Amino acid sequence: MLTVKQVARDTIKLRVYDALRRAILEARFRPGEVITLRLGGEALGTSMMPVREALHRLVAERALEAQPNRSPRVPVLDETSLREILELRCMLEGRAAAQAARIATPADREEIAAAQTEFAAASRSADPNRYLCANTAFHFAVYQAARMPRLLPMIESLWLQYAPTFRVTLDAMGPQVFAPDGGLDHHGELVRALEEKDPDAAQAAIVRDILEPTQRPGFWEALTAPPRRGARRTG
Amino acid sequence: MARTGRTRVEMADASALSPVDSSKLHERAYAELRRALMRGALKPGQVVTIRGLAEALGTSVMPIRDAVRQLLAVGALEALPRRAIRVPALAETRFGELWALRGILEGEACALAAERIGPAEIKVLEKVHAEVLASAERQDFEALLTENHRFFFTVFQASRSELLVSFIETLWILSGPHYNLALTPDLRVVFNFVRRGLKNHEQLIAALAAGDSEMARLVRQKDLLELATFLRTRLDFTAA
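Taken in order, these protein sequences are the chains called A and B.
Note that the first sequence covers residues 1 to 235 in our numbering.
Note that the second sequence covers residues 1 to 240 in our numbering.
By construction, these hints were calculated from the structure, which means they are not laboratory data.
Just so it is clear, the structure is predicted and the values come from calculations on it, not from any experiment.
Backbone N, C-alpha and C define an ideal beta-carbon position, used for all residues, glycine too.
It is possible that some hints are incorrect.
Stated by the list, open to error - Estimated spans, in silico, between C-beta atoms of each pair:
no.	chain 1	residue 1	chain 2	residue 2	range
1	B	Leu72	A	Val34	24 to 34 Å
2	B	Glu131	A	Gly45	15 to 25 Å
3	B	Ala210	A	Gly45	30 to 40 Å
4	B	Lys127	A	Pro68	29 to 39 Å
5	A	Pro213	B	Leu72	47 to 57 Å
As the list claims (entries may be wrong) - The following residues of chain A were derived to be distant from chain B, with all beta-carbon distances above 12 Å:
no.	residue
6	Glu42
7	Ala60
8	Glu87
9	Cys133
10	Gly188
11	Leu211
Construct the entire structure; sequences and hints are all you get.
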């Protein structure tokens, strides 16, 4: 039998895990940042126990990196591992987008269009936190529409690994990254491909969207640059 | 129809879940459970309890609880009300998705391996392949599963992409329970299929040795397609 206490404990565990996971996905932590039990507990206003378990699970998902005799840290990606992640992202997210083009319902497409409206507004706002949230929401609205529940956690695992580094490159490339970019409207292309039920076009749009930032000046240099102090925004 | 291999299943159960006595109990428990799932020791829809798994592994409840939680997270197990757990039920959409993803990821791993594999690893593959053949000859199903796993993960690891290998491993854990249902008391049917399939292993080695990425990818995808076709004739999706 489930006791009230047990339910409460399970709920707290899940909430703490979700909150930490979201914080990583939205790049609230920097690559290399050590996530101590206290830091996690303070950020979430909870005791250390559920944080310990959440950290354990996030390490298993590769969102965090275990360190001997220390708290885990946010992964620091070198060029090789970043290229590996980008290749897998193209492969898996391309597949999800193609499947979404085949089977998305009108309700899915409406939700994706709404996420795209918010993304466009977030791009104009030049607020990196809002931009990252809106970008994540848009992509996952598309992947949800593919209805491939085994694929989704793999894509999430790649995003958890990529997000903190992506944030560093965005910061390094400066606010012009967020400016509405005329010829580079990959999300718009993807929305059109979904409307036209064109899997190949959807796949191509997602791959361009993933790779385009890596071709901008400053992207790869940002990986080796020392972290900018005070650039961190938590909240 | 394919659910008649009860004796077989119990045998696989007992040998796949060997007792755990190490200090790293959680990791051992997790590894043992993954291995049991991969080898088809559990079948789709099978309900398990944490206590039952702990008894089978000869360990306490705590490490099993952690291991189960990790398997729930990747979808290898499902939570039911009242703390019961089960292997996800047989479903055609799930089967189709799994094999589609395996085709993409295992195909890619084989293609990368063709570019990156060294002569020493080819030698290892040839040796492991000989073991696979020998166990098929002896109709030793447990050895066949072990050597087959070793063969493919030697190839996948030659892709030098740790991430890719970990995703494929998850897909093998999710695929495993389907093999349970495909086993019949008459293992000749299974071994006839296996013997035909082993031609694909030889072609894969040849493609890897020649550094032919696209051939390696195609051979693996053809092999997986044949496996899916074989399983589909033995899985009753309508009963689910």
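Evaluation of the provided hints:
1. Leu72/B / Val34/A: 24 to 34 Å: holds (28 Å)
2. Glu131/B / Gly45/A: 15 to 25 Å: 56 Å Cβ-Cβ, so the 15 to 25 Å window is violated.
3. Ala210/B / Gly45/A: 30 to 40 Å: Violated, at about 60 Å.
4. Lys127/B / Pro68/A: 29 to 39 Å: holds (35 Å)
5. Pro213/A / Leu72/B: 47 to 57 Å: The hinted range 47 to 57 Å is violated for proline 213/A and leucine 72/B, with Cβ atoms some 34 Å apart.
6. Glu42: holds (25 Å)
7. Ala60: violated (6 Å)
8. Glu87: Its Cβ does come within 12 Å of chain B, the nearest being 8 Å, so this is violated.
9. Cys133: The claim stands: cysteine 133/A keeps its Cβ more than 12 Å from every Cβ of chain B (closest is about 23 Å).
10. Gly188: About 27 Å separates glycine 188/A from the closest Cβ of chain B, which puts it past 12 Å; holds.
11. Leu211: holds (17 Å)
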